[in-house]
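Q: Based on the sequences and whatever the hints tell you, model everything.
Taken in order, these protein sequences are the chains called A and B. For the first sequence, this note's numbering begins at 1 and goes up steadily by one. For the second sequence, this note's numbering begins at 1 and goes up steadily by one.
Derived by calculation from the structure, the hints in this document are not laboratory data. Among these hints, one or two may not hold up.
Derived contacts from chain A toward chain B, CB cut-off under 7 Å, selection only [claimed, not checked]:
{"#": "1", "residue": "Asp221"}
{"#": "2", "residue": "Phe222"}
{"#": "3", "residue": "Ala228"}
{"#": "4", "residue": "Gly230"}
{"#": "5", "residue": "Asp318"}
{"#": "6", "residue": "Pro319"}
Cβ coordinates follow ideal geometry from the N, Cα and C atoms, glycine included.
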Amino acid sequence: MAFLLRRLGFYFGAFFVAITLNFLIPRLMPGDPATRILLSLRGKLRPDQIDAIRKTYGFEGSLWDQYLQYLWRLAHFDFGTSTVNFPEPTASLLFYAAGWTLFLVGAATALSFGIGITMGIWSAWRRGGFFDTFFTPINVMLNAFTPAVVALLLWYAFTMQWAIFPLGRAHEMNLTPGFNLETVLSIAWHAVLPVASIVIVSFGAWHLGMRNTMINLLNEDFVLLAKAKGLSDRRIRNRYVARNAILPQITSLALSIGYVLGGAFITEVVFNYPGLGKFTLNAIQTRDYSFIQAQLILLTMSVLVANLASDVLNVILDPRLRSLGRA
Amino acid sequence: MSDAPLIEVRNLTVDYVGANSVSRAVNGIDFDIRPGEAFGLAGESGCGKSTVAFALARLTRLPGLVSGGAVRFMGEDVLSFSAERLRRYRWSEVSFVFQSAMNALNPVIKVSEQIEDAILAHRPRASRAETLARAAELFELVGISPRRLDDYPHQFSGGMRQRICIAMALALEPRLIIMDEPTTALDVVVQRDIIEQICELKARFGFSVLFITHDLGLMIEFCDRIGVMYAGELVEVAPASAILTAPQHPYTRALGRSFPPLSGPRFRLEGIAGSPPSLSALPEGCRFSPRCGEAIPVCVRLAPELRPTPATGGEAACHLLQ
Chain A
1 MAFLLRRLGF YFGAFFVAIT LNFLIPRLMP GDPATRILLS LRGKLRPDQI DAIRKTYGFE
61 GSLWDQYLQY LWRLAHFDFG TSTVNFPEPT ASLLFYAAGW TLFLVGAATA LSFGIGITMG
121 IWSAWRRGGF FDTFFTPINV MLNAFTPAVV ALLLWYAFTM QWAIFPLGRA HEMNLTPGFN
181 LETVLSIAWH AVLPVASIVI VSFGAWHLGM RNTMINLLNE DFVLLAKAKG LSDRRIRNRY
241 VARNAILPQI TSLALSIGYV LGGAFITEVV FNYPGLGKFT LNAIQTRDYS FIQAQLILLT
301 MSVLVANLAS DVLNVILDPR LRSLGRA
Chain B
1 MSDAPLIEVR NLTVDYVGAN SVSRAVNGID FDIRPGEAFG LAGESGCGKS TVAFALARLT
61 RLPGLVSGGA VRFMGEDVLS FSAERLRRYR WSEVSFVFQS AMNALNPVIK VSEQIEDAIL
121 AHRPRASRAE TLARAAELFE LVGISPRRLD DYPHQFSGGM RQRICIAMAL ALEPRLIIMD
181 EPTTALDVVV QRDIIEQICE LKARFGFSVL FITHDLGLMI EFCDRIGVMY AGELVEVAPA
241 SAILTAPQHP YTRALGRSFP PLSGPRFRLE GIAGSPPSLS ALPEGCRFSP RCGEAIPVCV
301 RLAPELRPTP ATGGEAACHL LQ
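A: Below is the structure:
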């Protein structure tokens, strides 16, 4: 428990540092967003209008006042107003995009973890067998592909050559989203290619990681002893080898879940998917500071939360860490 | 103690198969272990002691391969067991205690589960209450409080872990327990406790032991008979008491001279000049001949065979004895 509290304290500190940097960086850079708007309006503004704009974007008063105001707004999930999609609040754009990304990248991560781990178990268990010698090199190769190539290939093949899947977007344009079969099917159908393009380049890493850890464990005395005990192959594989080999993979999984909210830039752009990656790219191109800042905070938070989750999970799954925490 | 052997090993041969070479780690050895007997295998590192031990339960790991001979357990040929028969034979007839208790237990599973799964693998219909009661009973046998059953391996000391391994080995009351350096990783005081415990349990349950250790003194004390191995072959089998007092084979003699006695006159320890041959470049004739001070011309041409030695009631493989 003390261990977890210490970790919690650390993560809180890290979060604070991150949001402070997030506050300082745009203010230390030449040309704040308010100035940019003023410039784009070519100075045809009265002084009180200028003040109003500065106030809207939180650039009023001393740096300290601004910081306190920034924290206050943050605590209320008020990320300001989008400078590009004015006057849409940034928060609503962010949460809209985050929802789609969470679904897209989350599903892809879960799938590639599941596929990769299962394949890793089998290829390590029958090392040098057909499954291993056939799939391991293929997966190494797929893992070396860049997402851009795969996404473009899939997009070209399955929407242009054979028009099986939709060109893009998260669902049909004229669909009114609701909890009905039509919505679910439409969303799933639209997600097939984007999810596939992420899974194809990422499951190989899980496969290789799991396979290597398993192979190292197979030489352990306790595995030999399990065999000497006359346990079934299935039990040895699952309880004595895979059970131990999954621990480092869980840590990696938690970390990659943290980055889910970073979005999948290329996939989302190729398939015109309304996720965080596409929105962030758009925000960078149009200098929508409030969105970039909000996205950074969201990403920081999710990475920290995922790290914390990985700590907690490891303590639950690995008894050796439990007593470490106690000591 | 009946005279019908519990396990008979005949002309057992184990090879290690490389990419384009084959090394014979165990070259046609014969020995018996009788019911209730403690049989020791002595020899330098790499002479094939553990390889023999693993072969008895067909646990030889690739690239090792049992390439010839027979292992008969109560008359049944272990090497021709089906997979299912083999699974049932393991642990219920022959169980193991390994050297490193540190690594012999899965660090992320409770020790109770690791004992219970051995029982369940052989008695699938046993209830959870039965297996738990048996695990508690076993813990008490080796002097550990059953309250600690739900602890994990890292919460025990090295000596306790080895006791847990012994408890586990007793779970199904096997007829033979193979102990491969069971005390090597422990300090001498704990070592003594463990050996005494094994002796006590052995007297109580009457199982046989195949005992492997580098500690010749300990082996002589614990075992009834000892087989001395050199470069994958048995060079002498003799009652434990005769190994130091009446060694027949020059190698046994040399081994004895490498150990300091605790009483009696002092003498200079000699050791054995040279080192054991590489398995891929074995000398012709007797494998010990290049290091043997008493070698005669025939030794480098012809490999000697095990023959009875009337002086000890055992066997030895040496041209000088014929």
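Q: Tell me if the interface restraint on Phe222(A) is satisfied: Cβ within less than 7 Å of some Cβ in chain B.
A: Holds. Min distance 5 Å.
Q: Quick check on the hint: Pro319(A) CB to chain B CB, less than 7 Å?
A: holds (4 Å)
Q: When the nearest CB of chain B is found for Ala228(A), is that gap smaller than 7 Å?
A: This hint holds: Ala228(A) lies near chain B, its Cβ roughly 5 Å from the closest one there, short of 7 Å.
Q: Taking the closest Cβ pair, is Asp221(A) under 7 Å from chain B?
A: holds (4 Å)
Q: Per the CB criterion, is Gly230(A) less than 7 Å away from chain B?
A: Check passed: Cβ of Gly230(A) comes within 4 Å of chain B, closer than 7 Å.
Q: Restraint: Asp318(A) near chain B, CB-CB cut 7 Å. Satisfied or not?
A: Where the cut-off is 7 Å and the nearest Cβ of chain B is about 6 Å from Asp318(A), the hint holds.
Comparing the model with each numbered hint stated earlier shows that all of them hold.
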